[in-house]
Amino acid sequence: MNHRGLRRGVSNLMVGLVTGVVLVALLPLAFILVNLALQGAGSLSLDFFTRTPAPAGESGGGVVHAIVGTLIIVGAASAIGLPVGLAAGIYCAEYPASRLTWTTRFVADVLNGTPSIVVGVFAWAWIVATQRHFSALAGSAALAILMIPMVLRTTEEMIKLVPSSLREAALALGYPRWRTSLSIVVRTTLPGIVTGSLLAVARIAGETAPLLFTALGSQYLSFRPDQPMAALPLTVFTYATGPYEEWHRYAWASALVLILVVLVLSVGARLAIRRRFDFHG
Amino acid sequence: MSDLQPVASRTAPPLVRAPARTSASEVRMETVEVSAMYGKFTAVKEVSLRFAANRVHALIGPSGCGKSTFLRALNRMHELSEHGWITGRVLLDGQDIYGSRVNAMQLRRRVGMVFQRPTPFPTMSIYDNVAAGLRVHGRHRRAELDTVVEQSLQQAALWDEVKERLRASAMTLSGGQQQRLCIARTVAPSPDVVLLDEPTASLDPQSTQRIEELLFELKRDYTIVIVTHNMQQAARVSDTTSFFYMGTMVESGPTRQIFTTPADEQTEAYITGRFG
Chain U
823 MNHRGLRRGV
833 SNLMVGLVTG
843 VVLVALLPLA
853 FILVNLALQG
863 AGSLSLDFFT
873 RTPAPAGESG
883 GGVVHAIVGT
893 LIIVGAASAI
903 GLPVGLAAGI
913 YCAEYPASRL
923 TWTTRFVADV
933 LNGTPSIVVG
943 VFAWAWIVAT
953 QRHFSALAGS
963 AALAILMIPM
973 VLRTTEEMIK
983 LVPSSLREAA
993 LALGYPRWRT
1003 SLSIVVRTTL
1013 PGIVTGSLLA
1023 VARIAGETAP
1033 LLFTALGSQY
1043 LSFRPDQPMA
1053 ALPLTVFTYA
1063 TGPYEEWHRY
1073 AWASALVLIL
1083 VVLVLSVGAR
1093 LAIRRRFDFH
1103 G
Chain H
530 MSDLQPVASR
540 TAPPLVRAPA
550 RTSASEVRME
560 TVEVSAMYGK
570 FTAVKEVSLR
580 FAANRVHALI
590 GPSGCGKSTF
600 LRALNRMHEL
610 SEHGWITGRV
620 LLDGQDIYGS
630 RVNAMQLRRR
640 VGMVFQRPTP
650 FPTMSIYDNV
660 AAGLRVHGRH
670 RRAELDTVVE
680 QSLQQAALWD
690 EVKERLRASA
700 MTLSGGQQQR
710 LCIARTVAPS
720 PDVVLLDEPT
730 ASLDPQSTQR
740 IEELLFELKR
750 DYTIVIVTHN
760 MQQAARVSDT
770 TSFFYMGTMV
780 ESGPTRQIFT
790 TPADEQTEAY
800 ITGRFG
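Protein chains in written order, with our numbering: chain U, 823 to 1103; chain H, 530 to 805.
Don't read these hints as lab results, they were simulated from the structure. One or more of the hints may lead you astray.
Claimed, not checked - With a straight-line Cα cutoff of 20 Å, these simulated SDA-like cross-link-like pairs (lysine to any residue) come out:
no., chain 1, residue 1, chain 2, residue 2
1, H, K569, H, D625
2, H, K569, U, A919
3, U, K982, U, T1002
4, U, K982, H, S610
5, U, K982, H, A581
6, H, K748, H, S719
7, H, K748, H, A686
8, U, K982, H, L744
9, H, K748, H, R785
10, U, K982, H, L609
11, H, K748, H, A581
12, H, K692, H, D675
13, H, K569, H, E611
14, U, K982, U, R1001
15, H, K692, H, R739
16, H, K748, H, P783
17, H, K748, H, L609
18, U, K982, H, P651
Claimed, not checked - Covered stretches of chain U, as calculated for chain H (at least 3 residues, CB under 8 Å):
no., stretch
19, 994 to 1000
20, 1003 to 1015
Here the structure is a predicted model, which is why all the values come from computation and not from measurement. Where is the CB? At the ideal position from N, CA and C, for every residue including glycine.
Excised from the complex, chain U in its bound form:
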């Protein structure tokens, strides 16, 4: 038996298997993207990005209200969720032995596993029900609650990857503890933290269930966070479940726009961070 031939054969077999598995993992993603582009791109036009929906039964119109709504709702959710999640993540990484850290971590893990619709019900009970009307802010609050545990855990894990020798080097140079944390440790792992935060933003941008009974959705362009507001996932939901053929096409197009918005946000943020913190190796 040719030993080398056997080994080469086994090697090729394994490489083939691994490549196959990678393709299987990529297939759904490719399928979704291609399908979205095929079904949705045809309905995209300048009107689609600049106009509000036409009245039911008429054709034409766009989803600018939902694009603006998604940007406002997700922006407000990030404004609440990112600072809280980042700060809590830094705390957990810096004080791993504290009782508060243990509790925070436990709560975050439970929250991470909570279905988003439950968080939506929670926001409805605490904000919508007490204020007696739906509002974009209630939606942002629900999304922020979903966001915090994600940001917290990725931030903590990223910071833990920084070798403790770097922390010690800063302290031995006379750095105070807080500056060691922020300008050495967090700064070193910033690209990772940004990536984690972007993933969290992207995740909540697509959430539909918590918005159904908080932001509710709207047919009009609105900038008032205390009023019901449209959002792309809600638009997809409404159009997809509606009775008209044209609505279904709009649902595909809205879904495509949602993905584009998320893509633009994350690529933009990543480029900005890379330009600002360009370092090698």
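Fit chain H to the given chain U structure using the hints.
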């Protein structure tokens, strides 16, 4: 006000470094029955040592003998370890560095430290790495930083290799260069004492030799305490040597004496390679 205030206020940079600030026999640092603990475990037991100014002091001994822990007690790094605490006194120019009014951050500026593995700050340029210790203590004037950065890199024998690319990331340097960068960073704030914890353990023989040569230059300006695993290194670079074993300081004296006529048989057994 801090006990260290008179020295801490000496922020004006020494534009030209004074040759030797003190006469050779003067004691710069002294430990009095220092014990270092991790929780209930005692890693260092009642070590009393004197470190004369402008000398290289080597701490040798087998792994786990407490020499690194002892070194970390000299700039209050030990207390940052989990459950780390110490008893006894560590005197720097006669002042107890564990005194209640001493600011540990100010102290670490006077007692710098270089670690086993090179630890350049990866997000900073070569220049910013060296300037980091000055900036964190509020010295931002550009002209002053330029001068100190060049001096420090020269002291660390790195200037000629990096002067054309001070803005490049510190991570572009080789391991040996990174370690010399860390030495430059440590001496930039003009400390009194430089602690080195096995500074050549992760380096190749050539880089090791460069750093050993560097110590001869550095001791003109600083008091140096070096922990080393390598007995030949201790014999080559140090003026005095202390042998640690199982948390106690067994023997201390002039390096030549320790290596030729040790008084203790454990010391002799160790330096002749019978254990450790």
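Structure versus earlier hints, numbers of those that do not hold, lowest first = The structure conflicts with hints 1, 5, 8, 17, although it agrees with all the remaining ones.
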